[in-house]
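Colleague: In order, the protein sequence lines correspond to chains A and B.
Residues in the first sequence are numbered consecutively from 81, following our numbering.
Residues in the second sequence are numbered consecutively from 30, following our numbering.
No lab work stands behind these hints, which were simulated from the structure alone.
Just to be clear, a hint being listed does not mean it is correct.
Stated by the list, open to error - Derived lysine-lysine pairs resembling BS3-like cross-links, with alpha carbons at most 25 Å apart: (1) B:60 - B:39; (2) A:428 - B:135; (3) B:46 - A:477; (4) A:634 - A:603; (5) B:82 - B:60; (6) A:603 - A:688; (7) A:564 - A:603; (8) B:151 - B:135; (9) B:147 - A:477; (10) A:477 - B:60; (11) B:81 - B:46; (12) A:300 - A:334; (13) A:221 - A:181; (14) A:634 - B:59; (15) B:60 - B:147.
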Amino acid sequence: MKAARVASTKAIPIWVEECISSPREGVLNFLKELCNLGNAPYAHIRIRSRSGFFFTLVESIGPYKTIGWQRRFHLIDDKNTQSLTYQFIDYKVSPDCQALKDKFRSDLGSYQYLDSLAYGFWIPLKIRDIELGYVTLSWTKGRRQRSRAIKVENYIKLFSDYLPLVHQACRNILTENYLTGLWSDTALILSATDEHDCYDKLGEACLKFWGEDVTVYIGKVANDNASFDVVTVAGRRAEEAKKNIKTHNIPINKGIFGYLYRTEAPVLSYSISKDTRFRYHSMREDGIGQGSVIAARITDAAYQNPFAFITVEHEQDNYFDTDDIRYITGITRIGYENITAHRNDVEKRSRDFDALFTQVSHDVVEPLQALVADAEVLRYETTEASNHLYSSVNIDKYLSDTLLRATNFLDEALNLNKIMWGHLDSGIDGRATKIKDGVIRLYPLLNALVDTWRSRAEAQGIEIKSLFDSLRNVRVSCDEAALKSALGHVMGNAVKYSFWGHKKYRDSIPKHGRYISVVGRVKLGKAVIEVQNYGIGILDSEIKFITDKYYRGKLATHEGRVGTGRGLWSVKTFLESVGGRLNITSIQQSSDILGPYSTTVFLYLPIKKIEEN
Amino acid sequence: MASLLWIDDKAGDGTEKRLGFDALIYFIEKKGHNVDIVSTDEQIENALRSDKKYDLVILDIIMDALSSSTDHTDQFGGFDALEILMNARPTTPIIILSVMSTPMIKDEAARRHIDLTKSMVKQILRKGPIRPTDLAEIVETILADTKNIPTGAQI
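Next up, chain A with everything else stripped away, as it sits in the complex (with noise of 0.2 Å):
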């Protein structure tokens, strides 16, 4: 009868309305108005998890949020945990209370806060016999009483209609929990610098979801597949493990991260002390303390050769739940995900330096390669005509060749050495370290350009055509190396990029032949120099980056053209250095973006004299 008084006297709570608008502020109102009913200063609510095993923290009054387990399973402290019943708790004797004591011992705020509690009452959320969850009610003082907790029970039975949308609203605030906390891990795990710091990272954002209790281990998967090395130990037991447990060379085959070798699937424990599928061996082989685990492949999508696997352990049994798969899963992808663009970064600097390197070293390698091989042979040789010294055998024979190879060691070395200098001489930014200026005659070393290139031009099919009259009296004013240097750049990258024309064009007049015009002109005092190419152009988005020192080309890597990206970066660099400029365009001639393209390279050059004849 009273129930039903205040029924009639009492409108719909506004916790119910804000259950469904916002779920957070819903479920702390409706703990707030059982703490007014029951004059308690703190409670706190947990809800079923969805395997249906664990009861999940949701919200507190007061600070057990921060304090207590995330999840339980079942009611460890109730005899009687099939079903939730409307009963005291006796914290002084509370074996949970005294597991969180002594968990925060430490910790001064929280100790008091566990000190303090007296006793507290425990309300089932119910709706038909279904268990939703139940809230806490916790006195620091006082004696139990009853009425208290009648005043309660009756109000949760008056709005019972309502409890499933409390039920929603905390797995709301649980839903957005996981998100927050996986969409600022994602951000933890992505700002890794490089794989090592990314396995550290993926520790760091376990230990912020599951608490400092776990411990995390990340074994990675060894080169030959049959060992892996600990690359990461945080959280509690991280110190004495990194201390204590063996890290490389561990068997594969082994314990849990073996179990996670063989199964894709993540593997979730809740007693590894009863576990039947693997000896938990991986970092406490003496099974002291053994509790439950999560862990997961380090892996891609197809979950096919992980590269690493995480363990999370927690010494209570019982610790991670069902949802907590999803979490360990979700980072693992990330992690994955990030390790592999560092791996690929890593594999890229190494290939783009291999590159450059291969191209730089060309020159150098095959006369060293030369001078190593005629080394042995001289050093052969020398002996084997000392020895025949002696025996008084076609000395002269031996002799005259042991000279002609020493000879030709020594023509080698001094190549080589030209080479050496060469490079040296023109840096290795290409930057020409040393310019000699001298006046230079345009007209003629056009044409010797043209000559040098024409045949290897030819070979592709490719005609040079070449109008430059007009710079016959034309001189400037640079070292005449460096312009060579930077007008073969410019000749070499209109070969190459070319199309090929046809074939025919080395026996008759090509048909379908391409051409490379080299055009010549004065212009506003300065001469100019045009080398127009048709084929793989440069797109307009990069044309501004295109002199950039190490920039290839997108459309060039596309085609797989080998080169430095440094060849327009020494042209530009030595043109600005004499006064002048370059100037690119690059103008695509079909629809199709990978071209072909007339590519024109326009070379600046401030004129020293014109002398007419």
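Put chain B on the given structure of chain A with help from the hints.
Modeller: Frame of chain A, contents of chain B only:
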């Protein structure tokens, strides 16, 4: 005695005395093997398409494209030769001897859809520090593996 083909645009200038770069094959020849050196486009094309049996090919990569090449890339003539070898001489073992690194060679092979594992490329050596005696030893090992001649038979 085995018959070898060395394809390299830098080879063949060292006279019959194998001076300079050609000294690389000095000890191979000392062991009694015959080495044909081809370095120009015409020589390479002719040798690859000839009926002459070769027991092993030493192949450079960075060379001008062969005239029969259908690929526009003009710096990897060795791959043009490799493609011909894989079709015309599918059982002849090959040593790649090039300035290019192994990853770059694999990249270019992939770009051309060449499966190196299905080719007869037995070894990839990077030019620079290769000693002629080492090369001779590798050649002997590969020849022995292919059962053409017993190891060291010609010493």
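Colleague: Checking against the hints above, which ones are violated?
Modeller: Going through the list in order, the structure violates hints 4, 9, 14 and 15 and respects the others.
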